[in-house]
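*Asks:* Residue numbers (our numbering), protein chains in the order written: chain A, 1 to 140; chain B, 1001 to 1122; chain C, 2001 to 2173.
For the record, the hints were derived by calculation from the structure and aren't laboratory data.
If you're wondering where the values come from, they're calculated on a predicted model, not measured in any experiment.
There could be a bad hint or two in this list.
Claimed, not checked - Taking lysine-lysine and the DSSO-like style, the derived pairs with C-alpha atoms no more than 27 Å apart in a straight line are: (1) B:K1029 <-> B:K1101; (2) C:K2080 <-> B:K1102; (3) A:K105 <-> C:K2127; (4) B:K1029 <-> C:K2080; (5) A:K60 <-> B:K1034; (6) C:K2080 <-> C:K2021; (7) B:K1102 <-> B:K1034.
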Amino acid sequence: MPGRVMERTMAKMLIPPVQLYGLYVIAHGENGPGGGFQGGVILGASLILYVLVYGLEAGKKRISRGTRDFLLPCGALIYVGIGVACLLAGGNFLEYSALPLGNPKHATHLGILGVEIGIGITVAAVMITLFFETARQDEE
Amino acid sequence: MMEFILAKYNYWICILLMMIGFYAVIVKKNLVKKIIGLNIFQTAVFLFYISVAKVTGGTAPIYTEGAAVYDNPLPHVLILTAIVVAVSTTAVALAIIILIKKAFGTVEEDRIIEMLELNNDK
Amino acid sequence: MLELILLFFLVVCALAAVQMKDLLSSIMLLTIYSLIMAIVWMSLNAVDVAFTEASVGAGITTVLLMAALSRTSREESNRKVSLSVRAPSLLVLFLVTAVLLYGTVDMPAFGDPEAPANLHVAPEYIKHAVHETGVSNFVTSILAAYRGYDTLGEVVVVFTAGACVIMILRKIN
Chain A
1 MPGRVMERTM AKMLIPPVQL YGLYVIAHGE NGPGGGFQGG VILGASLILY VLVYGLEAGK
61 KRISRGTRDF LLPCGALIYV GIGVACLLAG GNFLEYSALP LGNPKHATHL GILGVEIGIG
121 ITVAAVMITL FFETARQDEE
Chain B
1001 MMEFILAKYN YWICILLMMI GFYAVIVKKN LVKKIIGLNI FQTAVFLFYI SVAKVTGGTA
1061 PIYTEGAAVY DNPLPHVLIL TAIVVAVSTT AVALAIIILI KKAFGTVEED RIIEMLELNN
1121 DK
Chain C
2001 MLELILLFFL VVCALAAVQM KDLLSSIMLL TIYSLIMAIV WMSLNAVDVA FTEASVGAGI
2061 TTVLLMAALS RTSREESNRK VSLSVRAPSL LVLFLVTAVL LYGTVDMPAF GDPEAPANLH
2121 VAPEYIKHAV HETGVSNFVT SILAAYRGYD TLGEVVVVFT AGACVIMILR KIN
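Pulled out of the complex, with its shape left as it was, chain A reads as follows (with noise of 0.2 Å):
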């Protein structure tokens, strides 16, 4: 994109604090409010910033078809599995006080951790990938 210089260098230093953020708001989601989908939804949305000003053939370069719909799956199959690992270690479905990392409450709250981490992967893949279909490509 010719020009828009204001926008382009506004992204570029926007977009990694954006990031930044989302991540925080994945990982502090227990002492304060935040969780997965509110850190999802901010990864997300840094990327279709991203999209909105550097135009959707950049976008596509940065995250191919492949990188999003490998992503889609990962965070259900992340909550699936840590479920499944509940059940090997001898608990329940999703009983996480039965994994193997010391006392019952670490290891709920490690699987909570780890439960949210795989919805924010999954939550930010399919913002990406909504906006990626939905957008106007240029053939239009």
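Got chain A sorted already, so can you dock chains B and C onto it with the hints?
*Replies:* Quick look at chains B and C alone, frame taken from chain A:
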């Protein structure tokens, strides 16, 4: 009388907002306007649940040292799920609207019904 | 007092969003509606929900609606809705409003600590959440630990929405 209004006004506001969204869904002809009305309706329903969760004198449902009464966290959890489901349904509905525009050339409901009846008569 | 002003603006935004013919303005009013709703929820102490509504409702829904708008027409058509369609709809609306208002007479008062929604399970969660899960945020502990199945279903719903949009739109892109 004032007691009655102060006790129930949250429900009345929710009903008013729900009916505004409902009117848009059933009367307006443009499909995108219907989706906007649906979003207004859904958000009004969430307001209803969150107002049910509030306890007088309660603080936010995050553990703090000196707090005595907390707000009810269970409706918050339900509405968190509901918001994400609402945006999912909005996204799929908009994808179908884009497909309709490609197939019929218009997103006005009465024009589409006319075209479908013309097709059926042939 | 602040809440009453915000609720008044909510109703005004909703009415304006429904009535405008220019769909771009309608979408922007929907964004403002979502944001004011998030502020109302903050004043009701629902911090997680307000965060989610501000990011998802005011952020993602706007982007998706504008993207859909760029591929369909920007103005709603000017043909007026005929009275034969509007009158029965308004009648149905008034009937539904009357029934709902009749139902609110029996509902518990706003903020009542003895309301049935605040008894039974919720005090148990509040009492046991911190020392059973080690997480200070009750909403996160209920979401991920006590009601983990619902959250699993929710992640699958989000994934399904992404998969559906891919299936619907990749053919014509």
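*Asks:* Please flag the earlier hints that this structure goes against, numbers listed from lowest up.
*Replies:* 5
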